[in-house]
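Heads up: the sequence lines are chains A and B, in that order. In terms of my numbering, the first sequence has 303 at position 302, counting the first letter as 1, and numbering is strictly consecutive. In terms of my numbering, the second sequence has 640 at position 442, counting the first letter as 1, and numbering is strictly consecutive.
Among the clues, some could well be false.
[As the list claims (entries may be wrong)] The following residues of chain B were derived to be distant from chain A, with all beta-carbon distances above 12 Å:
| hint | residue |
| --- | --- |
| 1 | Gly214 |
| 2 | Leu324 |
| 3 | Asp344 |
| 4 | Ile378 |
| 5 | Ser420 |
| 6 | Leu425 |
| 7 | Lys427 |
| 8 | Gln457 |
| 9 | Leu473 |
| 10 | Ala478 |
| 11 | Arg531 |
| 12 | Gln745 |
[To be verified] Using 20 Å as the maximum straight-line C-alpha spacing, the simulated DMTMM-like pairs for lysine to aspartate or glutamate come out as follows:
| hint | chain 1 | residue 1 | chain 2 | residue 2 |
| --- | --- | --- | --- | --- |
| 13 | B | Lys330 | A | Asp517 |
| 14 | A | Lys104 | B | Glu569 |
| 15 | A | Lys513 | B | Glu399 |
Hints are computed from structural coordinates only; laboratory data are not their basis. It should be emphasised that the depicted structure is a prediction, and the values quoted were computed from it without experimental measurement. Quick reminder that beta carbons are idealized off the backbone N, C-alpha and C, glycines included.
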Amino acid sequence: MKSEEKKERIEIREAFHLNWRAIGIWWKHYPLVFLSSAAFSLVNALTPYVGIWLSARIINELAGARDPNALLQLVIAALVSAALLSFLKAVTERWRNAQHAEKHVKVYKILTDKFLTMDFCLVDAPHTQDLYAQIRQNMQWSGWGIRRIPDNFEAVINALCQIAGAAALSVSLFTQMVPESAGTLVVFNHPSLVCVLILPLLAVTILSPILTTKADSYYASCADGAKKGNRTFGFYGFMGYDRRRALDIRMYCQNLLCQKYFLHSDNVFTTKGLLAKFARGKVGGLYALSSALSYVLTGLIYVYVCLKAYGGAFGVGSVTQYVGAITSLTGGMTKLLTTLGEMYTNTPFLRTAFEFLDIPNQMYQGSLTVEKRSDRNYEIEFRDVSFRYPNTGAWALRHVSARFRVGERLAIVGKNGSGKTTFIKLLCRLYDPSEGEILLNGIDIKKYNYQEYLSVFSVVFQDFQLLPFSLGQNTAAAAQYDAGRAETALQEAGLGKSSPLWKNGLETVLYKQFDDNGVEVSGGEAQKVAIARALYKDAPFIVLDEPTAALDPIAEAEIYEKFNEIVGDKTAIYISHRLSSCRFCDEIMVFDHGSVVQQGTHEALAADEAGIYHQLWNAQAQYYQ
Amino acid sequence: MQNETTETKASKPKYGMWSNSAFMIRTAWQTCKSVLWLCLAQAALAVAMNLFELFVAPAILQAIEDAVPIGRLLWIILLFAGGLMITGTAVSYVNLNTIFGRIEVRMNLANDLHQKFSTTSYPNTLDQKFLKLLENAKRAVGGNSDPGEAIWGTLTLLLQNAAGFLLYLAMLSALDPILILIALLTTLIGYFSSKQINNWEYRRRDEEAKFNEYLYYLDQKSADITLAKDIRIFGMGSWLNDIYNKTIRLYHVFRVKAQKIYLWSNIIDIVLTFLRNGFAYAYLIHLTLENGLSASQFLLYFTAIGGFTAWISGILTQLSTLHRQSIGISAIREFLELPEPFLFEAGEAIPPASAYELKLENVSYCYPEAENETLRHISLTIHPGEKLAVVGLNGAGKTTLIKLLCGFLDPTEGRVLLNGQDIRSFNRQSYYKLFSAVFQDFSLLAGTIAENVAQADQEMDMAKVQRCVELADLTETAERLPQGLNTHLVRSVYEDAPDLSGGQTQRLMLARALYKDAPLLILDEPTAALDPLAESDIYQRYNTLSQGRTSVFISHRLASTRFCDRILLIDGGVIAEEGTHEELLALGGKYANLFQVQSRYYQEGGAEHEI
């Protein structure tokens, strides 16, 4: 389906619209990129003409009167103007370079901003991730997409200035007449002969960028094929550097597979690939043809200008001026058209980028605030909730009803894949139920402001992540934090002062990724920091998803024993494979195939020998009796 | 050259510039010869093109000045335009075609690096020096503009500039040598002074790389599905944003500073150009006025002087680029040549045997740069067919023990013996063939489930795959997937890949170990991510799974150890206790204590009231 979209004819209007929008985005975020570009292009395009004009005057003088005084003045003018203009060019260029340096970073920032403000279910959607991957790929492959906009803008300004300057310098070519004494060459005075030059000039200027744009489109047509190859290569080409894979790679000789992908014959970028084939054939031919055409034109310009000079219309010095100016004129026009062609070719890539940036947030958000109750008297209720992940047929949750109040300890148990984590995702409104509703203090949670609603929860997910920044920042999940609270939270979570993580207090950087003085974090320590992060947030509901999986028996027992204390007057929801943890809970919900099949206290459930809980419990307990 | 002092203060590259160029030429000769031919063609065409451009205007002007017959004038124009067209067209065709071979050579080098790292003696992967060198070497083959590919452009330009220099020198020799001297002098001064300045950024490239690493990391994390949950629950968006903005700000300051400094090199250049051109004008105009030089010759010489300086600075610039790139190439070579502490091809083959006995003889191990030994004086014999359990707290050294057994680490003291022979004498790769292992960290392939089980993308024994999948209790999961065992895994490569849960992945790894069917089975915490029923199920199957094999089972869940013939409790780097489950309980030591801690929650009327 995607390739069909690509092949679709791009409307000029759409190309214009999307490019305009992309320019708008850049202008809004980074106006200096454009201003510096414009200043630089202006100076850069006009500088050569001053030189061309002055040196033509010098040569004319040398070929003519050879007046030392006039020569002296001209030479001084040439030297001084060259120096001044070079200086101006250097200043604008440096300014432009400084503004343009982080272009890729700037584009990524626009994209990541979108990610950070997107509904979770959209981040989780394969389509979103796929679009993002496409955008990255397009950008890395050849800078297609939004990244290209400033370059195109600069090229257009540059070309326009170049054309204007060249036109100004070449007008007199047509106004200066061959004197009658030149005989047959007088025909050059005839206006229709101007067409002899103008027509091929137009033809070549238009044709040659059409050829290159056509040639580029062959490359662009490889983008889809390149994507697949790139993905596989992106995996196998770097797999070996992942040190967590080191043991397996050696034990199962996986390096041989990697090698195969490295030296794969159909790698799109190497000599045997499709791109190379195009370059040797069609694309190479088109490029060569386009370049040949422009030299034919150079020849024509020479003939026209030289014959006029030969006829005596102007001096030999002016020949250099006119040839230079007209060559530059066609050059400028070619550049303009090529850039426009490029902007046209860029359209599908922009389309992808905007498809990503335009993904609308779908979750309805109310404006209610969550009442901040000092007694933390919150109540949550699931009312006949069912849920299906987008684009899947099977129900992940089916007709789940549950109610829990603040201060309770709730355990959720069940086999792998029974819907436990999905339940938590709905509770935290990472997803909305497909059917039924979830209520906070009797009001549908959709009616609350999302941020407000989230403020009620702290969650330690099974696959939580710590970031390679300071311990304090990780605890607070923010750049600024309250040191006292962070320390208390860490201590409550059991991260004793003897841990190496305290090396520099809260300033200790976790992991060595960005800081050689960083401290590597063991699984157990990471879990404690994650729990501390949940405590620091101090939300009335705290959810722990398998909090002890990475811990050894002693550490596990420690967490269990401190559990009540850690959680305090908060509501705790506890997901675990270790049923031993259920003994601490007031209530246990047993999930099976997306439904709550049992609910009650440990004693009641364990006694029900037909129930799944009894089975689960005994599976573990048998080893300890 | 003087620039070496600034660039290599950390560590001097082992190989010089010409040695590295020769290395690259050799590599290209072996992998893709066309790269070399195209370089030569590119340089030759560029010089030809330059000569046409130099002569076209003066020659035509001369003809007009001399008022040659029109026909002749047209011929001259045709000659030059034709020459320009042919060379220009060839240039654009050749330029377009150079990149592919160059990529191929770079990919070959990248593959060598990747292979070296994936197969190198495991302790190397823990060695900071080794990793540092790897980083440098990797950076040299990362992209089109990195030394492993860009060196071809440099060598081509060097050749082209050298040829151009000689041709122009011959041409200008008709003029006063002082002119050549001045051109030479101003170019040299300009080059060396701006080189000092332009090196600013290069000297700080690590700083810049750091910015990019940071930003790349933040990009990744913002799009990370797993972290997305944490980001929303804890409002981490503004944290990431703060760090992002701060980094961009610092990066911008860095770039602005660099550009401000570079402006000085522009200024120096402008002054020198002013002087050189001033002198050239004065000299050539003097010749014209006094010696009757024609206007077209004036134009020719004036352009040639400009061209001459361009060739000189071209040579100097390319030499310094080459020198810089050579450091990267040297890193590649040095990395590839790093010594291997283990024997591979040079090692002995494993003598075929019906049973394998592993023995640790007074083994100690200390990680590089660690203060204390992780394991101390361990002596242990694992008999053929024995089921051994290794238990202990996190960080007790269980995994290190396994790495020693599997031959990933060599003991710092003592020996590991296979049927009485030190494993150090064997080809380590064939030693690895003796093991089927499931480690805590695993390496999933971007391929089908079946490929992951068989660890091959062809010549799979599908019946065996199915048997192993069945044994690992993965059949039901596989059947539920639309393409069954042919379902592709790894979402980053296959968009429709399913997400396997931790438990399912662990079963897959188990199936893989079974498929390999090696005499020694190693299971490192294979049930951590499984639910109780599945865990219990694996324990029950354990006897079947390890049938006819020697097996080592590592766990901190003591329940698992019941199925083993012998249990080792590792504590403080030594074997603290050893025996069967019953023996150890009767001993009343650490094992008994650990067991008590874990079991009390499972015993009726347990610990709930203690809290």
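Consistency of the no-contact label for Asp344 (chain B), given chain A and a CB cut of 12 Å: The claim holds: Asp344 (chain B) sits with its nearest Cβ about 14 Å from chain A, beyond 12 Å.
Distance restraint between Lys104 (chain A) and Glu569 (chain B), which requires alpha-carbon spacing of 20 Å or less: 46 Å, violated
Distal placement of Leu473 (chain B) relative to chain A, Cβ over 12 Å: 9 Å, violated
Non-interface label on Leu324 (chain B), tested against every C-beta of chain A at 12 Å: Leu324 (chain B) is in fact no farther than 12 Å from some Cβ atom of chain A, at 9 Å.
Beyond 12 Å from each Cβ of chain A, as asserted for Ala478 (chain B): 10 Å, violated
Minimum Cβ-Cβ distance from Lys427 (chain B) to chain A exceeds 12 Å: Violated, since 5 Å does not exceed 12 Å.
Hinted pair Lys330 (chain B) and Asp517 (chain A), Cα distance within 20 Å: 12 Å, holds
Check on Gly214 (chain B) being off the interface with chain A, judged by Cβ distance over 12 Å: 28 Å, holds
Beyond 12 Å from each Cβ of chain A, as asserted for Gln457 (chain B): Check fails; 4 Å does not lie beyond 12 Å.
Straight-line alpha-carbon gap Lys513 (chain A) to Glu399 (chain B), limit 20 Å: 25 Å, violated
Reported absence of Leu425 (chain B) from the contact zone with chain A (all CB gaps over 12 Å): Check fails; 5 Å does not lie beyond 12 Å.
Status of the stated non-contact between Ile378 (chain B) and chain A (beta carbon gap over 12 Å): Since the minimum Cβ distance to chain A is about 20 Å, Ile378 (chain B) lies beyond 12 Å and the statement holds.
Taken one by one, the earlier hints fail for this structure at numbers 2, 5, 6, 7, 8, 9, 10, 14 and 15, listed in ascending order.
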